[in-house]
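Given next are the chains, with one letter for each unit.
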Amino acid sequence: MDEELDASEGARIFKALQDLNLPPLAPLYNIGEDEASQPPWAFAPDRSDTLRYKPHTEIEALMISPHQEIVESVEKFEIVQAGLIEAVEEAWESLTATEQWIYHMLVDVGLSMRLVALAVGTPKTTFARRRDDIAQKIKNELLRHPVVIDYLER
Amino acid sequence: MTAPFHAGSYGERFQSMGDEAESNFERLNTNWIRFGFNRPDVSKFYQISHTIRAAPDYIQSDPPRLVEVMGMGSKPLKFKLEKMAALQWWDCSGMDVWLWIWSSTRQAHAQIRYRDLMTVINKNEVSLGSFHEGKKYLNISSKLLEWVDG
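Chains as they are written, first to last, in this note's numbering: chain R, 1 to 154; chain D, 155 to 304.
The set of hints was computed from the structure by calculation and includes no laboratory data. Hints should not be assumed to be uniformly reliable.
Claimed, not checked - Computed cross-link-like contacts, DSBU-like style, restricted to lysine-lysine with a CA-CA straight-line distance of at most 35 Å: (1) D:289 to R:139; (2) R:15 to D:229; (3) D:237 to R:124; (4) D:289 to D:198; (5) R:137 to R:124; (6) D:237 to R:139; (7) D:277 to D:198; (8) D:237 to R:137; (9) D:297 to R:124; (10) D:277 to D:290; (11) D:290 to D:232; (12) D:290 to D:229; (13) D:290 to D:198; (14) D:229 to R:137.
To be verified - Computed spacing ranges between beta-carbons, pair by pair: (15) D:200 to R:76: 40 to 50 Å; (16) D:249 to R:16: 20 to 30 Å; (17) D:181 to R:72: 50 to 60 Å; (18) R:146 to D:193: 16 to 26 Å; (19) R:93 to D:200: 19 to 29 Å.
Each residue gets a CB set at the ideal place from its N, CA and C atoms; glycine is no exception.
Take these sequences, add in the hints, and give me the full structure.
Here it is as structure tokens:
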């Protein structure tokens, strides 16, 4: 029975999100305000990128790599990052307060489905369906954004 | 004979909340600095973000960690879900969060990393309880923790 509940696509999505050990989607900070109020991970540099020069603009990227694969410019990188952040924000905001709480408890806090189902007051099988619906909702909401599809296809 | 801690009114419990556990933590540890709030004397404290209100009690530099100190008696440890969620935020802050628990019954202490406690909670038959005002908590049996004589 438990194996069935854990084999759904929703279960796999939640497990994958939990394994990624992401920062909580509902931080204290409001992303988009001044830089000082943003969480440190928003500015964590990618170490591999610091080892090689990154062109600033799209034009510069074209000019430094003639007849080669075009290096991604800082400008393009920032546009993609902003688009991805916006997609995640919109996916998060599409969830109800209870759905956000369920996501937070399952993914960020890492409580088992049994305990979260108990806290919500729902039988485990009904709760598993609800969890799967949340996963599907997040997936659909993210895939509405071309920037997410492009990013996944890279 | 004094009444047990849990039998007192909220006002009585508030006056000594955590005192025994914290004094034992300070006695048995070195290199600590007070970090979280200790019964702050301000009005409308509840308006402050819960994550900040629930900041761990101590910070230690060697090894670097944030420590939440809790006390328990003969009954299981009541670990509120909202506290658990707040400590998770602190655990993502770049320093590990540890729980340091003093048992007045055993006169001993247990300490466990927050993430390891989550594993213990998920792997065992921990029950869920509810306070009068509806806040949920987990009942963590002392048998699930490793005790060291105080």
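Earlier hints that do not hold, by number: 7, 14, 18
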